[in-house]
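*Asks:* Here are the chains, one letter per residue:
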Amino acid sequence: SAVISQKPSRDICQRGTSLTIQCQVDSQVTMMFWYRQQPGQSLTLIATANQGSEATYESGFVIDKFPISRPNLTFSTLTVSNMSPEDSSIYLCSVRAGPETQYFGPGTRLLVL
Amino acid sequence: GESVGLHLPTLSVQEGDNSIINCAYSNSASDYFIWYKQESGKGPQFIIDIRSNMDKRQGQRVTVLLNKTVKHLSLQIAATQPGDSAVYFCAENSKRDYKLSFGAGTTVTVRA
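Going down the list, the protein sequences come from chains A and B.
This note's numbering puts the first residue of the first sequence at 976, with every later residue one more than the last.
This note's numbering puts the first residue of the second sequence at 22, with every later residue one more than the last.
Simulated from the structure, these hints should not be mistaken for laboratory data.
Glycine residues also receive a C-beta, built at the ideal position from the N, C-alpha and C atoms.
Among the hints, a few may not be true.
[To be verified] Pulled a few chain B residues facing chain A out of the computed Cβ check, cut under 8 Å: (1) TYR53; (2) ILE55; (3) LYS63; (4) GLY64; (5) PRO65; (6) PHE67; (7) ASP70; (8) PHE110; (9) ASN114; (10) TYR119; (11) LYS120; (12) LEU121; (13) PHE123; (14) GLY124; (15) ALA125; (16) GLY126.
[To be verified] No farther apart than 30 Å at their CA atoms in a straight line, the calculated lysine-lysine pairs in the DSS-like style are these: (17) B:LYS77 x B:LYS120; (18) A:LYS982 x B:LYS63; (19) A:LYS1040 x B:LYS63; (20) A:LYS1040 x B:LYS120; (21) A:LYS982 x B:LYS120; (22) B:LYS77 x B:LYS92.
I would like the entire structure built from these sequences, with the hints used as guidance.
*Replies:* Take a look at the structure:
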């Protein structure tokens, strides 16, 4: 398995501002993912963070709202831009370790006022 | 798109009893399944996985059963403990895109 950390662990933000979430892995991984988990809900994939190229976004998610960086094989950031209360969620990064298994970070709990 | 879902949103279990959490999936191309446990305030934790060429897989106190005929997956927890209280998610993917699709989640509460 991989050890994954996220910063910040939680934040309270004002609407209209942006927050950048960091994800750090203790080993080099090929595939990293960002998920959103709205209150009381399941996980929804936002995008696949590709090292050295633009992220691949899922339907309903766009780069202008959720820009992603992946400068190397152990680190990625997700920015939540121009936030509104509807963006209040848990944001999780995950990595694929081994053929198929994904492991998750502890999550970033975001509250937008 | 096709989805993975859970039959029951909540499950209350007496401490020491066995728990069974069910999951239905509809994507016939799914060939890999994972169960995750998410405790309050934490990220999902990998519990056990199973590939489509297997019917059963056992771990420590947990067993996953896969019935491909009816597209059904279950997680059995033996001798449920208070620390097993959490939300449990099933997830599936296929070799086509390696993306996980998650079910709705079942909240398990263990009664002392």
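*Asks:* Can you give the numbers of the hints that this structure goes against, from lowest to highest?
*Replies:* As far as the earlier hints go, not one is violated by this structure.
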